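The listed protein sequences derive, respectively, from chains A and B. According to the working numbering, the first sequence is numbered sequentially starting from 416. According to the working numbering, the second sequence is numbered sequentially starting from 248.
Quick caveat, the hints were computed from the structure, so don't treat them as lab data. Remember, it's a predicted structure, so these values are computed and weren't measured experimentally. Some clues are possibly wrong.
Here are the simulated SDA-like pairs of lysine to any residue, each with C-alpha atoms no more than 20 Å apart in a straight line [claimed, not checked]:
(1) A:K588 <-> B:R440
(2) A:K667 <-> A:M607
(3) A:K588 <-> B:L431
(4) B:K519 <-> A:K543
(5) A:K543 <-> A:R449
(6) A:K676 <-> B:R440
(7) B:K519 <-> A:V679
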Amino acid sequence: MRDFVVVGLSHRTAPVEVRERLAVPPDRLGEELRQIAAGGRFDEALLISTCNRVELYATGSDPIDAAHRARAALATRLLDSAAEDALYQERGVDAVRHAFRVASSLDSLVVGEPQILGQVKEAFDAAKGAGTVGTLLGRCFTQAFATAKRVRNETGIAEGTVSVSSIACELAKKIFGNLEGRRTLLLGAGEMGESAARSLRQTGTQLHVINRSEDRAHSLAESCGGRAVPYERLTLELADADVVIASTASPKFILTPEMMKGVVRSRRHRPLFIIDIAVPRDVDPRVGNMDNVFVYDVDDLQQVAEENLSVRAREATLAESIVEEEVGAFLAWRRSLELAPTIVALRKRFAEVAEQELQRALPRLDGVDRAVLEAMSRSIVNKLLHQPMTQLKAGAGEPDGALLIDAVRRLFALSEEDPGAQAASTDGANEGKVTQLATAAAGSSGEST
Amino acid sequence: MNCQRAALANYRAIPHHGRLFCGRTHASGGHGQTMKAGLFIATAVLYALACMLYLFLLTRGAERARRLPGTVFVAALGAHLAFLLLEGPSAHEMPLADMSQILSISSFGIGIAFLLASYRFDVTILGAFVAPLSLMLFLASGLGSSYAPVSPPVQSAVLSLHIGANVLGLVAFALAFAAGLAYLVQERLLRRRQLSGVFQRLPSLDVLDTMSLRAVLVGFPLLTFGMITGTFWLLRSNGSHFFVSQALGVVAWTIFAGVIVLRVAAGWQGRKAALGTMMGFLFTLLVLAGYAMRAAAEGG
Chain A
416 MRDFVVVGLS
426 HRTAPVEVRE
436 RLAVPPDRLG
446 EELRQIAAGG
456 RFDEALLIST
466 CNRVELYATG
476 SDPIDAAHRA
486 RAALATRLLD
496 SAAEDALYQE
506 RGVDAVRHAF
516 RVASSLDSLV
526 VGEPQILGQV
536 KEAFDAAKGA
546 GTVGTLLGRC
556 FTQAFATAKR
566 VRNETGIAEG
576 TVSVSSIACE
586 LAKKIFGNLE
596 GRRTLLLGAG
606 EMGESAARSL
616 RQTGTQLHVI
626 NRSEDRAHSL
636 AESCGGRAVP
646 YERLTLELAD
656 ADVVIASTAS
666 PKFILTPEMM
676 KGVVRSRRHR
686 PLFIIDIAVP
696 RDVDPRVGNM
706 DNVFVYDVDD
716 LQQVAEENLS
726 VRAREATLAE
736 SIVEEEVGAF
746 LAWRRSLELA
756 PTIVALRKRF
766 AEVAEQELQR
776 ALPRLDGVDR
786 AVLEAMSRSI
796 VNKLLHQPMT
806 QLKAGAGEPD
816 GALLIDAVRR
826 LFALSEEDPG
836 AQAASTDGAN
846 EGKVTQLATA
856 AAGSSGEST
Chain B
248 MNCQRAALAN
258 YRAIPHHGRL
268 FCGRTHASGG
278 HGQTMKAGLF
288 IATAVLYALA
298 CMLYLFLLTR
308 GAERARRLPG
318 TVFVAALGAH
328 LAFLLLEGPS
338 AHEMPLADMS
348 QILSISSFGI
358 GIAFLLASYR
368 FDVTILGAFV
378 APLSLMLFLA
388 SGLGSSYAPV
398 SPPVQSAVLS
408 LHIGANVLGL
418 VAFALAFAAG
428 LAYLVQERLL
438 RRRQLSGVFQ
448 RLPSLDVLDT
458 MSLRAVLVGF
468 PLLTFGMITG
478 TFWLLRSNGS
488 HFFVSQALGV
498 VAWTIFAGVI
508 VLRVAAGWQG
518 RKAALGTMMG
528 FLFTLLVLAG
538 YAMRAAAEGG
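Please model the complete structure; the sequences and the hints are all you need to start from.
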């Protein structure tokens, strides 16, 4: 029977050196997928590639074998047998659950981060474009997106920012309201300072860069879209800036209370937000006691990040239960697509109709051999069913077999919930539907003759 | 508000009835009184409910019921309006002529001004500070069942202008006070690094500071005009006593003048400006309280 497999690696199992070897740029995703699907003889295939994970979702009629082939497909791309240990794999319902958790950002490095859903959607679109998505993966990922939406709406998992740069941005917004047209001064060339400056630049602030090495200042300014300013102008720049990001390598304080006193006076008490990301610190903590000057150091920002993370962790348990619910719903749909119960149900439905009509007709006929009539109706049913059954059995093994089964179940109103139970029992509501269907069929045939 | 005192000084032998919520002599008849009492209680309950909901929204952040406090507050204003219309002055009477009505109108005006401000700035959450002010003034207006009315002989257009300007000034300062208070809360949270919850829900420091400044800039000319008309009226009606309330009024005016001068000339912003603004508002409230107490004493 066809089932899901997923093989991949993520931030949990592999360092970035390994992950980047597997990563596929978005524009090559479709082509890569076609190769993988053809090479691995998968019915369906979908490849998610982000900076934190590379995962191959596939379906195949023999899941264990499909898992091996999927693993091999990724392993050959790794070119390193040692790194193969980083590959994990899930099959069947576990693979589905994994897809739901990934889309809901429960498996992300930063739980609740919003980008992953978009990345999974892109992967899905690429796979659809490459023609490697069929009924099973299609339904699985459509429901994964619905799950992600529910998790987003019903839990607080995405609340509060958790990266130092975005926290710095949020704080700046809480102080200055609109950041448009404000000025950020980046002091020093630390990596974290640069990323914070970039984030602030994106919110529409102007960026000035000051560094002891003028060359470094220029290259930094260029890469962040700012303006380099000579170091001598530091006090003047401080007087004009709204946000200061300090991330120099200086061993002692650069912004001292004595220096800032003059700055505060010349800026006429306009608020100043100083983010001190440097270790050792660049800003004397006493500066933070001055009126309208707010100083946050790296520990403060980290603490905020941790608080937000703990909130997310609490919400994640709630999110997991939503995922379980959705997995349950998916399984119900999946079960309804099994071939054998469908065939049983279909036969039973036809036999019931024949039997009913027979019972209705018999009293009105005199002197007819009942056995002959019964044999005839059975034979009609069998003949009518022969072609559909053959097609169904042959088609169920095809990539779109599930679609076929789904269509049959819907055409003949075979209930989705539990095909096994449905086949074994007869229930009134369905009986009614069958009669309607039979009458409708009879009516139309009557008209045509 | 200098007038009120003088008005009361001139108030001598107007017969005084036991009145329920305000001293309007024309409002009589058992049915009207019952209805007024009912409306008063309904308004007060709605204001109190709005206060609680706003505070709940501020501290707990009830995301699903974000609009509820505002709706209840508007309902309270509706009930208040009905109450005001019911006890409105008849044609031959001067509007805003007694303390109870002044308090009631101020409370109503603060609510309306807040709603208008919410359109301009995104500050609905400030209802947590504004609604209690409305409630307090409204209750004070009802408490004064024995506020004495201004005696007809001293009523004049100048007096109306004086009271009207001061009520509008008070409304503006109330908004400045709410914004200033929110600023102080927000700044304290920022300095103590308590950045979740309330800090997230209150507006940014910049918005609060701007709002406070604008409200003071609106209120100050009104207060100044109120003081000039008051003095003019006082001189004309020969009331020459100088009382605590007038002194408090001068103090409030000086504080606001100082806040504006320091803001404009010295670039004052933030905490100090907020503190000054709040102090100024408290003094205007004291002026009002002084008059109310005097009126209550005179009214017996």
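Now the hints, each set against the structure:
A C-alpha spacing of about 15 Å is found between K588 of chain A and R440 of chain B, which places the hinted pair at or below 20 Å, so the restraint holds. A distance of roughly 19 Å separates the Cα atoms of K667 of chain A and M607 of chain A; the hinted pair therefore holds under the 20 Å criterion. The straight-line distance between the Cα atoms of K588 of chain A and L431 of chain B is roughly 17 Å, inside the 20 Å bound, and the hint therefore holds. For a cut-off of 20 Å, the pair hint linking K519 of chain B to K543 of chain A is broken: about 62 Å separates their Cα positions.
Distance hint between K543 of chain A and R449 of chain A is fulfilled; the C-alpha atoms sit about 11 Å from each other, no more than 20 Å. Taken as a hint, the K676 of chain A and R440 of chain B pair is broken in the structure, with Cα atoms around 23 Å apart against an allowance of 20 Å. Proposed proximity of K519 of chain B and V679 of chain A is supported: the alpha carbons are some 15 Å apart, at most 20 Å.
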